[in-house]
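Enquirer: For reference, the chains in residue letters:
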Amino acid sequence: MRLGRREFITLAGGVAGGAALGRVSLRGISRLNEALEPPSALYPGEEQWLRSICSLCSGGCGLKVRTVGGRVIKVDGNPIYPVNRDGICPRGQTLTQLIYHPDRILAPAHRSAIDQPWETSSWDQTLESLASTLRRLRGADQQNRVLMVSGRSRGLTSKLCSHFLSSYGSNHFFELPSGMETSQRALEFMAGIPNDGKAYRMAYDLENSRYILNFGCDLLEGWGTPAHTMRLFGQWRDIKRGRRTTLIHFGPRLSVTAARSDEWVPVEVGTLGAMALGIAFVLISEDLYNRSFVESFSFGFEDWTDRSGQAHMGFRRWVREEYRLSRVSEITGISSETIVRIAREFAAQPGSIAIGPQQSPVQPGRLSDAMAIQALNALVGSIGTRGGVSLIPEFGWPLPVADGNETMRTASLDGLVAVLDQSPEVLILDQAAWFIDSLDDAHLDMLNRIPLIVSTSPVEDATSKLATLLLPDCTSLESWTDGQSPSAYPYDLIALTPPVIPPRGDSRPWGETLLALARMTDPALESVYPWKDMESLYRASANELSRRENGYLFGTQVDEQWQRMLERSGWWNPDWTSEDEFWDGLVNKGGWWDPATWVSEPQHSFQTVSGKFEFFSQRLEALLREKGGIQPGLQPSVEWDRQILPHHADILPDNAPEGFEWTLDPYEPLVFFGGASRQIPFLQQITSPYSGPRGWRSWIEMSAEDAHRMGIEEDETVWVESARSRIQRRVRILEGGKPGIVGAPLGGAPTTGRWARVESTLAEILVPISDPYLGVRSHATTRVKIYKA
Amino acid sequence: MAQLAETPYPPLSGNDEVLFHPIERTTRGFYITVAILLFFTVMMVVAYITQLREGLGVTGLTIPVYWGIYITNFVFFIGISHAGTLISAILRICHAEWRRSITRAAEVITVMVLLFGAGSVITDLGRPDRALNVILHANFRSPLLWDVCSITVYMTGSVIYLYLPLIPDIAMLRDRGKKWQWLYRLLAFGWSGTERQHRLLEKGIAVMAILVIPIAISVHTVVSWVFAMTVQPMWHSTIFGPYFVVGAIFSGIAALLIALAIIRKVYHLEEYLKEIHFRNLGQLLLVMSLLWFYFTFAEHLTTFYGNEPEEMHILMLKLYGPYSLLFWAMVIFCFIIPVGILGIPKWRNVTGTITASAFIVVGMWLERFIIVVPSLANPRLMPSQGIYLPSWVEIFISLGFFSTFILFYVLFTKFFPIVSIWEVKEGREKSLQEVHERVRTYIPHPLKEG
Amino acid sequence: MARWGMVIDLDKCTACQSCVVACQVENNVPSMTPEESLKGRNISWIKVVPFPEGSFPEAKIRFLPLPCMHCDDPPCVTVCPVDATNINEEGIVRQIFARCIGCRYCTTACPYTVRYFNWYEPIWPQPMEQAHNPDVSVRPKGVVEKCTFCHHRLQKARANAIAEDRAVVAPGEYTPACVESCGPKAMYFGDLDDPNSEVSDLSRSPRAFRLLEELGTRPKVIYLAEGERSGTTG
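Protein chains in written order, with numbering that gives the first Met the number 0: chain A, 0 to 788; chain B, 0 to 449; chain C, 0 to 233.
If you're looking for bench data, these hints aren't it; they were derived computationally from the structure. Quick reminder that beta carbons are idealized off the backbone N, C-alpha and C, glycines included. Honestly, I wouldn't trust all of these hints.
What the hints assert, rightly or not - Simulated restraints on C-beta separations: (1) A:123 <-> C:61: 54 to 60 Å; (2) C:217 <-> B:311: 23 to 29 Å; (3) C:213 <-> A:320: 43 to 49 Å; (4) A:554 <-> B:311: 54 to 60 Å; (5) C:154 <-> A:241: 38 to 44 Å; (6) B:346 <-> C:217: 54 to 60 Å; (7) C:200 <-> A:641: 45 to 51 Å.
What the hints assert, rightly or not - Derived BS3-like pairs: lysine-lysine, alpha-carbon spacing no greater than 27 Å straight-line: (8) A:787 <-> C:38; (9) B:345 <-> B:178; (10) C:59 <-> A:239; (11) B:264 <-> B:178; (12) A:63 <-> C:155; (13) C:140 <-> C:38; (14) A:63 <-> C:140; (15) C:184 <-> A:239.
What the hints assert, rightly or not - Negatives, chain A to chain C, calculated, CB over 10 Å: (16) 123; (17) 301; (18) 320; (19) 563; (20) 695.
Please build the complete structure, drawing on both the sequences and the hints.
Expert: What follows is the structure, given as structure tokens:
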């Protein structure tokens, strides 16, 4: 029962009067109690609905924010933001807990060593101490001793970070991998990209896919943009859209994706490439492949002879000889009937696509697998088609400076670790909790030797724990925030929203801090970035964008249909005529996009050596020749072709020590995807949908069969031991999981703050194995044993 | 009078002075006992204050085990309460002459233990400060409210039923003119032992004895309905009413036997609480044990045979799962051991019956626990959340309830005779003749005397 | 008078638990400390429950978002000794926090285990209570709370309707927080008595079922079973 003040006074007066008359009624007292109960404010303040963009992962979903009296009350999906349209992932929902987190860092601070207490100081003072170090290193021509690790990966601030570092003179800028790199590299090798200096990105038209072979991607956990994938999943199964899209999941772990797919094909660890080639075998031998595409627009399908007269094996013969069903079935542990059935279904209709392999910061996936998977897309002719895959020019916020759009390639974890060895002096950790998660104790020791570590984290996290200088960023709701097409998204899109609330305390948007840092470090740098704040930088950037003659400001789904229709008839009806109009429209509607970016036409010209889709990638061959090949003595021969054609490579170490009977499968759960969010209580309460509300601890997932055999109970603590080391984890038992597989999530208990818990990172036990082509580690095969603690 | 003298059963005479000793002499043992009991009471108070200040979070209760040993205690205490009133009333109505020295001890158990039964529910409330809402906003569709009503009635009934036969004894205490004069004068209600007063008292007791039986049965039936009226597996059972009543009488007799044995020993009342009392109550206990087993068996067999998945899930948890240890302990304590002891006539002595009783009291507590917890711990739509373990707060409060109950009982014996003196006297003086005459009325065609 | 109900399409649910967090934020549900959370005392008016079926390799896990069913015959309402929970004329089962005595009879009587108890005084570490929704009262310790179908949103929608001189709340004007946040659009909400509403249409689908229907509770949350995989011509 809630009462207004007036009623309350009446009631209280009545009760008091009643008491005075000696006729106090019990019911009256009880009413009084009820009225006194909720201490609700009478007027909480003005209610507003504002737009913003989520910054908790690289997806950047559009947000609709409810504020009351200047406080953020609720965050929901922005219905006109094309990526997520209304929906939102659980992480975005917890922005309120992040903004008002008790462990927020609200002022810049410094300390002399990590075991010393923090001292807060002014922005000028703190920035000056960093700027003076930067000046000193620059004076000594040691700019490369400055490193930056960022988790932003998209948007103007991210671009500013990398540009700032390269203008300063360092080339050690590392970004969170998007999780698509290996698939994209494979496609680049096979389909090619124009040599025009522009960046390209791989995109899937999953909205229109009808049959999806998912090679290990955790679509419903940490993959791409969660809210976008969820929206797609709803569309795939929306009967009103007609035929239901079939989703087949290959992978050893019973992930949420596996459980929610139409079919889970539990292949053995590290056999995704073999599985893809087994399907290719059926397509080829049953003549189910897209003949018109393969014959006219592909290279290396049939046997061929190179310019020097050397005969090479074609993909057709290669697959038919090497990947007979019986062999694939033996490698993958999947019956040939299943493979044949899935291959036939895959070829039966347009809109089939193969995606994968699974990737995570510690597990970049193997190139040979990725090429086998992309070969399937070529076999069914799904390159560039409706529901297919393609490489499209990267498009995002332009940095309005000279060379502003030159982007630095994301280096691998190994590359970064190599740099750590060269005694760096300054390490700037910007949204980089993911990075700490993927390091083991030896790496962390290396970090501890760096004299100056700067953290930009808005809350206490793994980076602030290591840092000696804090330059606290604020959340995206407290600053100008941009968005752009997330990875794998098929349309060009940029978005921009003004702050919803002012920054809490003395925190400051990282972009502004960078601009200030540039001003303080060096007049030369200052002249590169003439903007006083991020708003004017966005304005300048938007002015460049307004010159485009395509796309529309955000609108409803009805608008979207209409715009598509216009485009198909070759019309474009611009929403703006001037820079100012564009800016106003952008800020009012929240963004601009081009719903017609995806051409939906089968791709017929490829930027490869042959000008065709190459089953035998001549670029990869050139690369390998340059590198001297893996086995130089063998070229040129069938053995050489074997390295270049999509193939399956045994990656399980032959000498797996006795007793290490489980294979660890590291993955990113939705709540910790991208490494952050460990400090958020609501997320700790929903760590996995599998086994009730047991968060706040790191865990592993074991099949019920294994657990039963070992006598291990749900929630019991066990040792997980690999050849390198051992760590403790709690067990979650997975009914129906594949025996021999242990799912190991990245992330877990918070490492700092009020709810901190000391736990070893998963990286501690991962056994790195290098991918022979990309030269980066792949952890797919860490063998472990598990026993009760 | 002349006629009386002619009968072959002249009134016996005796000295009941020993029955006043507990009241008039205080030994060191008494103080030690009270001190020990008080210690637990204080611990209980500490635990309860903790719970009041912090909230029910200090218990081991979780989602979905919302009810734990507080509710177990509630059912258990209400069950024990059947010792007194019901047994004493039945024995009175049946004119079982051997009842005379045990009724008081039984009735006191009822009144005292009911306090703690009701107290258990209050302890279990998240908002005890709002307990009055059950009157202000009573919802008569709720079985818990039925409980509130029936327990209130039962409480009132048993207090009256305890008090009425106490009046002549209080008057005796008043007339002895020793301690607590004012109290006894007040409570004696002007009793002077006239014929009319006696008649009225006898009438009152007779009416109460009859009234109290349906009330007692209703109380435990309603307690069982708290569970049976829900649709939870292994709660939703039609035999829960009689099953609980049987269990209640069963545990009540066991508790009574233990109380009698202690009184007899401590207050040297071997002359009043004789072997035969234990033998008779032991026989009753044997019957109740068999009856209890019959109900338990019927209840579980029906579930087992019906093989409904949800019911079976709970049943299997009891038979084989995490609660199996408690379940089988219950079967052994409540059936196998008691029947083993009481089934053999020569073991049906004081030692035998109280041994059996001790097991039964523990076993019946386990039975209540096994009814309350497993059905809650494994709801239909939720993965199992592990086993419920009571916290120190719950354990101390429970121990405190037991000790405070005993304390109250001990204190009662300090103020009032624990054996009904006037009834014993009356039995000694009148009942031989009465029984003789009553038995005569049973006999067909009795020969005319003389 | 409307009869509000929810339809949840299990085929579309991705088990992301957005609904869980959306509900907690909207309704000022306190987050638990790690210790309490590990005891399994989280309060989540809607939760996602896994139902593993079969064993490897034919294993399936079904996920069921489980809010209060808002039964037409709610077992919790009859057992409350103090009338602290009731069902209103629009079928929403509500809890009167200020009257509840915390006996937890309703939590034990509910076959869906969707009622939650405040074991302690709810705590929001400073300054988390800044984000409190002023429309929803904060519960004191020792009382039971539950899903209200975001009843406060209905009140607001109704106030709007009255202000705009409309007799009824328009379809879509009143949506609980969980439904609003659902990424794959697996949740629908509306008036079950309105034959033209989406929910009443879906509730007649051959895929529609209600949980524990056999208990006679007549839930107003209706589930759509998982769909059949598309047939292929291949």
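Enquirer: Does each hint fit the structure? Answer for all of them.
Expert: We went through each hint and held it up to the structure:
1. Distance hint check: the CB atoms of residue 123 of chain A and residue 61 of chain C are about 58 Å apart, consistent with the given range 54 to 60 Å.
2. Our hint of 23 to 29 Å for residue 217 of chain C and residue 311 of chain B holds, since their Cβ atoms are close to 26 Å apart.
3. At about 59 Å, the CB distance of residue 213 of chain C to residue 320 of chain A disagrees with the hint of 43 to 49 Å.
4. A C-beta distance of roughly 57 Å is found between residue 554 of chain A and residue 311 of chain B, which places it inside the suggested range of 54 to 60 Å.
5. Distance hint check for residue 154 of chain C and residue 241 of chain A: the Cβ-Cβ separation is about 39 Å, which falls inside the suggested range of 38 to 44 Å.
6. Taken as a hint, the range 54 to 60 Å holds for the pair residue 346 of chain B and residue 217 of chain C, whose Cβ atoms sit roughly 57 Å apart.
7. About 58 Å separates the C-beta atoms of residue 200 of chain C and residue 641 of chain A, a value inconsistent with the hinted range of 45 to 51 Å.
8. As the CA atoms of residue 787 of chain A and residue 38 of chain C are separated by approximately 21 Å, the hinted pair is consistent with the 27 Å bound.
9. Among the hinted pairs, residue 345 of chain B with residue 178 of chain B is inconsistent with the structure: their alpha-carbon atoms are about 44 Å apart, more than 27 Å.
10. At most 27 Å may separate the alpha-carbon atoms for a hinted pair to count; residue 59 of chain C and residue 239 of chain A meet this at roughly 25 Å.
11. For the proposed pair residue 264 of chain B and residue 178 of chain B, the alpha carbon gap of about 24 Å is at most 27 Å, so the pair holds.
12. Only pairs whose Cα atoms come within 27 Å are accepted, and residue 63 of chain A paired with residue 155 of chain C is accepted, the gap being roughly 18 Å.
13. Among the hinted pairs, residue 140 of chain C with residue 38 of chain C is consistent with the structure: their alpha-carbon atoms are about 17 Å apart, no more than 27 Å.
14. Only pairs whose Cα atoms come within 27 Å are accepted, and residue 63 of chain A paired with residue 140 of chain C is rejected, the gap being roughly 32 Å.
15. Taken as a hint, the residue 184 of chain C and residue 239 of chain A pair is honoured in the structure, with Cα atoms around 13 Å apart against an allowance of 27 Å.
16. For residue 123 of chain A, the requirement that its beta carbon stay farther than 10 Å from each beta carbon of chain C is met, with the minimum near 27 Å.
17. Distance check for residue 301 of chain A against chain C: the nearest CB is about 25 Å away, which clears 10 Å, and the non-interface claim stands.
18. Against chain C, the non-interface label of residue 320 of chain A holds: every CB pair exceeds 10 Å, the least being about 25 Å.
19. Even its closest Cβ contact with chain C, about 20 Å, leaves residue 563 of chain A beyond 10 Å, as expected for a residue assigned away from the interface.
20. Remark: the non-interface label on residue 695 of chain A conflicts with the geometry, its nearest Cβ contact in chain C lying 4 Å away (cut-off 10 Å).
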